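Colleague: The lines below spell out each chain.
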Amino acid sequence: MAIFAMSLDLLIGYTGLVSLGHAAFFGLAGYLLAFAAPEFQPANLWTSLFLTMMFCAIFASVIGFITLRTSGIYFIMVTLAISQMLYFFIHDSKVAGGSDGVYIYMRPDATFFGWKPFDLENISDFYYFTLTLLVLTYCFLRALVRSVFGRVLSGIRLNESRMNSLGYPTFRYKVICFVFSGTLAGVAGYLSAAQFGVVNPDMLGWHMSGNVLVMVILGGMGTLLGPAMGAFILLLLELIFQTLPSIGGVNLSKHWHLFMGGAIVLVALFLPAGVAGLIRGKSQTRQPIDD
Amino acid sequence: MIEPILIARKLVHSFGGLTAVNNVSIDCRVGEIHALIGPNGAGKTTLINLLSGDLQVNAGNILFEGNEITGLKSYQISQRGIARSYQKSNIFLMFTAFENCRLAAQSRLPHSMHFFLNPDTCSAVNEVAHAALATAGLSGRIDTIAGALSHGERRQLEVAMTLATVPKLLLLDEPLAGMGADESTRMVELLRKLSANHSILVVEHDVDAIFAMADVLTVMVNGMVLASGSPDSIRSDPKVQSAYFGVSGV
Ligand SMILES: Nc1ncnc2c1ncn2[C@@H]1O[C@H](COP(=O)(O)OP(=O)(O)OP(=O)(O)O)[C@@H](O)[C@H]1O
Ligand SMILES: [Mg+2]
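Read top to bottom, the protein sequences are chains A and B. According to this note's numbering, the first sequence is numbered sequentially starting from 1186. According to this note's numbering, the second sequence is numbered sequentially starting from 8.
Chain A with its partners taken away, still in its complex shape (with noise of 0.2 angstroms):
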C-alpha cells in the first residue's frame, strides 16, 4: 500500500496531476499475477514480477497518451473514466471471475536459474522482501525527483505553459512520469495480490483510487515518504476505528466510516501538509502565490 501510495505522490505532488483512476494499475497488476499464475502452481517470482510491470508501463503509456492532452478537473473525468470502463469489463467478463474475481492458490516461486534465495509462502520471507521493493521504490523516487527530470516535473506542476516556453515538451514528460506512477502501482497491486491470494474487481475501482489519493492527502503531497506513512495511518486507523467498543447501546465500529471521514476532514483542515508537515514543523510554512 505504501508503494501504491508513493507511485501516486509522484503524479500528485509532484506533477500536479490529481488521477482518480490510479487502481486501475494498482488492480490491473493483480489480475495480470492470477492469470501468470497456473491453476495450483506458482508463477516465477522474477518472470511475473517483469511482465506486469512491462505491461503495466505500455498500458500507462497508452492511457497517458490519452487522458494527458486533459487537464484539471478534466483530467481527473477521464482517468476516473477510463478505470471505471476497466472495473466494469472486468467486473462483467466470465475469464476473470466477474465479481468474485480470481484466487491466486501459490504466491510466487522465486526460483532464479533453479537458485532459490528466499521463499514467499512463508510469512517473513514475504515480508521482508515486500520491505526491500518498499525502500527500492522510495530510493527510485527520491533519486527521481531531485534529478534533472524531477525538477521539470516540478516545473510542469507549478506553471506549464511557462516551461514549454523554457523549451521542455512538457507533454512529452507527463506521460513519461505517468508511465513510472502507473508502473510501481503495479508492483503494489502484484505484491498485494499475492499477499492476499485472491484479486477482485474492487481492487481496481474507484473507491480503492479515493482510497490511495486519501493516503497522499493524509501523508503530504509531494514527500514521498509522507504518503508511505499515510498508507500505514490509514489502515491503522482503519483498524481501530473497525474495533471500537460499544457505548451505550450503539456498535460504534459498525460505524467506523464515520469516524474515517472525520480524521480526514480534521486533517485537512489542520494539517495541510499532512503527516509529512507536522513532523518537518513550522519552519516550513506555505508561500503566498500572488502576481
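Please keep in mind that the hints were generated in silico from the structure rather than gathered at the bench. Any given hint could turn out to be false.
[Said to hold, decoys possible] Now the in silico label distances, taken between C-beta atoms and shown as ranges:
no.: 1; chain 1: A; residue 1: C1324; chain 2: B; residue 2: Q83; range: 29 to 37 angstroms
no.: 2; chain 1: A; residue 1: V1320; chain 2: B; residue 2: N125; range: 16 to 24 angstroms
no.: 3; chain 1: B; residue 1: Q94; chain 2: A; residue 2: R1331; range: 27 to 35 angstroms
no.: 4; chain 1: B; residue 1: F123; chain 2: A; residue 2: V1450; range: 34 to 42 angstroms
no.: 5; chain 1: B; residue 1: Q83; chain 2: A; residue 2: L1443; range: 48 to 56 angstroms
no.: 6; chain 1: B; residue 1: E10; chain 2: A; residue 2: S1246; range: 40 to 48 angstroms
no.: 7; chain 1: B; residue 1: Q63; chain 2: A; residue 2: T1232; range: 43 to 51 angstroms
no.: 8; chain 1: B; residue 1: G48; chain 2: A; residue 2: R1331; range: 29 to 37 angstroms
no.: 9; chain 1: B; residue 1: K200; chain 2: A; residue 2: G1395; range: 51 to 59 angstroms
no.: 10; chain 1: B; residue 1: A155; chain 2: A; residue 2: F1381; range: 45 to 53 angstroms
no.: 11; chain 1: A; residue 1: S1246; chain 2: B; residue 2: A155; range: 54 to 62 angstroms
no.: 12; chain 1: A; residue 1: Y1323; chain 2: B; residue 2: Q63; range: 39 to 47 angstroms
[What the hints assert, rightly or not] Facing chain B, according to a computed beta carbon distance under 10 angstroms, are these residues of chain A, among others:
no.: 13; residue: R1254
no.: 14; residue: S1256
no.: 15; residue: F1334
no.: 16; residue: G1335
no.: 17; residue: R1336
no.: 18; residue: M1348
no.: 19; residue: S1350
no.: 20; residue: G1352
Remember, it's a predicted structure, so these values are computed and weren't measured experimentally. Backbone N, C-alpha and C define an ideal beta-carbon position, used for all residues, glycine too.
Chain A is fixed; fit chain B with the ligands onto it per the hints.
Modeller: Positioned in the frame of chain A, the structure of chain B with the ligands alone reads:
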C-alpha cells in the same frame, strides 16, 4: 545591412470576432533593438505570443534563420533559439532565483530526459545559470526565493531566465513595466549591451526608454502596423503623432 534573423509576414490572429493582430509584418536583426509600441490593446502581446508559439497564427508565416517556424509549438521555438519574457512576471515563485535560472538552463541539455542526473553536479548548466543572473544584475540574490524578490527584481529574473536558455532572439514584453527610474536605466543599459550579439524585440510604453534604446521602431494600433522605421522617422511621422504620441504629449 545584415540579413534579418526573424522575418514575419502578414501575421493574422483573431480572438473570436476581434482581430488582435491584422496583417502584421516585422523583421528582427542581430545587433538591433526593435521596439514595438502602441496603445493598450493594440495587439503587441498577441504578436509576441504568435512569434513565441504560445498562440498559433490564423494566417501568415514566420521565418527564423531562414527556416519556416510557423505552426511550431512553443517548446520547439524555444529550442530554435527564441526566448521570451512575459508582461506579467511569470516566474516560479516558490523556487530560488538560481533554481529559476537553472530550470531554464537545463532545458539546453543535449538529451532531453535525465532521470537520475543530479542538477547540482551539472556544472555547465550551473555556470550558465549563474552567468545569466550576473548579467541581469541579480548576483546578490541567487538564493532568494523568487516570491520574496521586489517587483523590479522579478522583472530582472524574468530576463535572466530568458538569457539562461542561450537564445539568439529575445522577445521581451514590457521588461521595464513598474520599475523604478534607476532600475529602468540599468535595464536599458543591459538591453543595449545584449543587443551586440542578440536580436531583441521589446514591447515598451515608456517613450524616453524607447528612444534611449531602440534602433528600429514599429508602431501598432488596433492590430495593424501604423508605421515602422528609425526612431527619427517615427518621431516626425504625422500619422504616429496624431494616433499615438498626440495622446501622450510628445
Ligand atoms: N486571450 C484573449 N482572448 C480574447 N481576447 C484577447 C485575448 N488576449 C488579448 N485579447 C484582446 O486582443 C487585443 C489585443 O491585446 P494585446 O494583449 O495583444 O494588447 P497589447 O498591445 O499587449 O496591450 P497592453 O499594452 O495593454 O499590454 C485586446 O483587445 C485584448 O482585449
Ligand atoms: Mg501587452
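Colleague: A separate judgement is required for each hint: does it hold in the structure or not?
Modeller: Hint by hint, here is what the structure shows:
1. A:C1324 - B:Q83: 29 to 37 angstroms: Taking Cβ atoms as reference, C1324 of chain A and Q83 of chain B lie about 35 angstroms apart, which means the hint holds.
2. A:V1320 - B:N125: 16 to 24 angstroms: 20 angstroms, holds
3. B:Q94 - A:R1331: 27 to 35 angstroms: 33 angstroms, holds
4. B:F123 - A:V1450: 34 to 42 angstroms: 39 angstroms, holds
5. B:Q83 - A:L1443: 48 to 56 angstroms: Holds, at about 53 angstroms.
6. B:E10 - A:S1246: 40 to 48 angstroms: Cβ of E10 of chain B to Cβ of S1246 of chain A: about 44 angstroms, so the range 40 to 48 angstroms holds.
7. B:Q63 - A:T1232: 43 to 51 angstroms: Between Q63 of chain B and T1232 of chain A, where Cβ atoms are some 48 angstroms apart, the hint holds.
8. B:G48 - A:R1331: 29 to 37 angstroms: 45 angstroms, violated
9. B:K200 - A:G1395: 51 to 59 angstroms: 56 angstroms, holds
10. B:A155 - A:F1381: 45 to 53 angstroms: Since A155 of chain B and F1381 of chain A have Cβ atoms about 50 angstroms apart, the given range 45 to 53 angstroms holds.
11. A:S1246 - B:A155: 54 to 62 angstroms: Given a distance of about 40 angstroms, which is not inside 54 to 62 angstroms, the answer is violated.
12. A:Y1323 - B:Q63: 39 to 47 angstroms: 43 angstroms, holds
13. R1254: 14 angstroms, violated
14. S1256: Because about 16 angstroms separates S1256 of chain A from the closest Cβ in chain B, which is outside the 10 angstroms limit, the hint is violated.
15. F1334: 5 angstroms, holds
16. G1335: 8 angstroms, holds
17. R1336: It holds, given that the least Cβ distance between R1336 of chain A and chain B is near 6 angstroms, below 10 angstroms.
18. M1348: 8 angstroms, holds
19. S1350: Holds, because the Cβ-Cβ distance from S1350 of chain A to chain B comes to roughly 5 angstroms (cut-off 10 angstroms).
20. G1352: Holds - the Cβ of G1352 of chain A comes within 10 angstroms of chain B, reaching about 3 angstroms at its closest.
The structure fails hints 8, 11, 13, 14 (numbered hints given earlier, in ascending order).
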